[in-house]
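Undergrad: Residue-level listing of the chains:
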Amino acid sequence: MIVGMLIHLLLLLLFAPLLAGIIARTKALFAGRRGQPVLQLYFDLLRLARKGSVISKTTTWVFAAGPVIGLVVPLIAALMIPFGTLQAPLSFDGDLILFVYLFALARFFTAAAALDTGSSFEGMGAAREVTFSCLAEPTIMFALLVLAKLSGGLSLDILLGDHLNASWRGGSGPALGLILVCLFVVLLVENSRIPFDDPNTHLELTMIHEVMVLDHSGPAFAMILYGAALKLMVLGTLIVNLALPWATPWWALNLLLYLAGLVLLAMLIGIVESVMARLRLVRIPQVLIGTTLISVFALVLVLR
Amino acid sequence: MAELWLLSLLLPVFGALLVLPLCRYATLSAGIAAVTTVLAAIPGVYVAMSLLNGQPPISIAYAWSLPGGALQIDVDAVSAFFLLPVFILSPLCAIYGGAYLHQVKGKLLGVHWAFFLLLVASMVLVLSAGQVFLFLVAWELMSLTSFFLVAFDHQNKEVKQAAWVYLVASHLGVTLLLGFFLYSSQWSGSLFFSDFEALRAIPQHQATGLFLLAVAGFGIKAGLFPFHVWLPEAHPAAPSHVSALMSAVMVNLGIYGILRTVTWLPQAPAWWGLLLAGFGIAGALYGIALAAVQQDIKRCLAYSTVENVGIIFVGLGVGIYAVAAGFSAVALLAFAGALLHLWNHSLFKGMLFLGAGNLVHATATRNMNQLGGLMKRLPATSMLLIGGSVAITALPPFNGFISEWLIYLGLLHGGLEMPRAMGLPLLLLVSLLALVGAMAILVFVRLVGISVLGNPRSAAAASAHEGSILLLAPPAILLAGCVLIGLNPLPVLDLLRAPVVLLIKTELLPMLTLTAFTGLGRGVWLLLALIAGMALLFFVQRHRHPAVVAATWGCGFALPNNRMSYNATAFSELAHNHLLPRTLRPEVVTAPVTTFFPQAVQLSQQSSDPVLNRLLQLFFTRIANLCQRLRWFQQGRLPIYLLYIFLTCIGLMVWSLRVFGGG
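For the protein sequence lines, the chains are A and B, in the order given.
Each residue of the first sequence is one higher than the last, beginning at 1310 in my numbering.
Each residue of the second sequence is one higher than the last, beginning at 383 in my numbering.
Extracted from the complex, chain A is given alone in its bound form (with noise of 0.2 Å):
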């Protein structure tokens, strides 16, 4: 188990970092400039752990709190997610439940760090996240239910394990459809991306989740951003394991289609930042509501 632990951590610590630089570069492909490396962010991060900081005189230990908790959130949550077919180190019934209360977690310490500042626009920023989220929690409730139901588990480890393949070509195609729908608005706005939130733009009051992090500085900044690549592929893993059921005999090729989907997954999520507009602020609750009836819906499907 230990080993496993630390093979899926290996994975994603060094991995995670790369689907920042992709969605970068697909963005470029799409403006027509060259772009940023692919590496750009492993730069970022070396850079910004070596350097000093400047902090708030309001702020107090909770305002490191937040970029600490924000990072080793993910790698818990990693732990109990298959990565393609390797299996979840940590696995038991109805983790499904700490996998969505560990984010929460991550989420609180976020925006009570982002409170901590006393700035007007990092309190906008945190009461956005944490009033946005609200409409995407049910959302991925139901997603993974629909999971449940279909596996017949309450671990992550069987709900995106082997039953997929089966559920895809059964009568569940159109259910496992919609939900995979619902997931990857879900991820756009967990990792604050296009059109939910814009994690490039210099107007403070347009954001949700960079203005939260505005006073960060130095390592703690690096954490944040560590944080939320981490986040990326851990959310976009149950993408991945969704929408690329298949398996071959050989581990090695298992893990290669599992690190490429992930590498698709940056490259659409690229395409989606570059094709659409940022939506307006109060038009972000009805898209999410709109995502919770369909996945209301799937869950009848399976129901039914």
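To be clear, the hints were calculated from the coordinates, so they are not data collected in a lab.
Each residue gets a CB set at the ideal place from its N, CA and C atoms; glycine is no exception.
There could be a bad hint or two in this list.
As the list claims (entries may be wrong) - Covered stretches of chain B (chain A as the covering partner; in silico rule of three or more C-beta atoms under 8 Å from a C-beta of chain A): (1) 481 to 495; (2) 730 to 739; (3) 906 to 918; (4) 955 to 964.
Said to hold, decoys possible - Chain A regions said to be covered by chain B (calculated; three or more residues, Cβ under 8 Å): (5) 1410 to 1421; (6) 1524 to 1537.
We have chain A; now place chain B onto it with these hints.
TA: Quick look at chain B alone, frame taken from chain A:
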């Protein structure tokens, strides 16, 4: 055993009698209250623990001159389960209260403490009564003493109003309970609860009537939606240690009543369970939604009590539903989760009310918009509040997560294993609970972030400082309990075995899924270890390269002041404009800007309870108007009233002649 129980009941009564003559001496009477509750708690906790560990129930009968037999005391595992929070919370609240009321001048504090001690004694008596009269007397005593505790600051108009709402609500509840007990003792032919076994033969529709009466009558005390209206009024009005005791302990007794009723009545049909779970989830959503728009920190916590009671009822309702459907494993998970959540709620809500009390004590305001920046000024209180908030939002590794996780497991197992149409409500409940959880994060990030973090938004907050150790130790002890249960839930779950057996009424109890607990434990410890490791790394790095301290980045604006920082109203604006249904939105009062050169405008926002203001108020106004039509009865002249008496006597005579046949 029986003697120890008696000791734990009589010590607070004795304390109350001792305090009354000494009521001029504030410190002395607070001291007596603290000492007697502590002394009562020692045998009390012992009795409760040994009953939960499987000791036989206590049964005592004393002769009584009232009609209806003896003064019967029955304490079993279910009572013990509810007694434990009484004995843990009451000494802590008494110790805290002594320090909290230290500044109060010009009041006879001894009277307050006498009511406090009587409230503790009456709660013990409610939980031990084995006979209808005794139960009702204790219940009424509990309502009245807590009314006087709420009305502590009765010169204040709002407090008076709140206490009044509470008094009316609890008496409406008692009226319903009177009907319930009259009917059930009529049917079973006895006033003793032990004879209520006979009720198991009652026809189904009468059983349903009794059940609904009990849900409404006890639900008022429990704060079950839509009977919760007194709760958000009374909790902020009362002194904080009283709010803590009422919210963390007294509310439980309503749940106790409903549970007892379910054990008396015949096997509950599935829809009773669904009804309770439906009220529960509606209350959870309603409570947390309104908690999100409150500016008063204690009112926010009161609505969160409505939410948590809702979650407890979801667990209980699902348990009843699963028992009716024959899924005892699901019922076990749901009941265990609900009962554990009840204990957890006692711990963290008591803690949060005491912590909020510290803020009120230090700044003399409950308005979150006036607070802020207290992490630097009240570091210990602030840390406690953050811990309590993490616990109450059911985040790992605290205790709230364990109980909600059990309820989720019950719902998931039920939803997946039951046949389709039966499982669907449970699956819907899973997602609704997730929604409640996400909104709880919103509420408590707001509570902590606005009232404790950031910059002070008023002079009072800027000059606040920490109170005495007596204000810090009680909430710290409660928070320690939260952490302990969160990290080591299995011993606590073992204590729940006896009450759950009484509720499911089967000896064949499937074991709790222990393998899941080892997995969960691993995950939680790994989380803690990684957080600790990362924090250490962070600390070492920060030590090597000390950070430059500067002002918060104001996005280029050079002179931000503290009043510009985000406040509670701003934080929830998005939620109440885009998330909540229109009826739950707070009223915003503002004047429109009319001229080209706008004058100063005021904007204020006030949230009132829609059930109280739009539903009950209308209903009671209607009744009051109807009663106006009977005004002509009251002529105000003596002969008319003599005529009434005369007519009544004649009426009674005619009636007795007809009934008894002129003999």
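Undergrad: Evaluate each hint against the coordinates.
TA: Evaluated hints:
no.: 1; hint: 481 to 495; result: violated (count 0)
no.: 2; hint: 730 to 739; result: violated (count 0)
no.: 3; hint: 906 to 918; result: holds (count 6)
no.: 4; hint: 955 to 964; result: holds (count 5)
no.: 5; hint: 1410 to 1421; result: holds (count 8)
no.: 6; hint: 1524 to 1537; result: holds (count 5)
In the structure shown, a violation is registered for the earlier hints numbered 1, 2, in ascending order.
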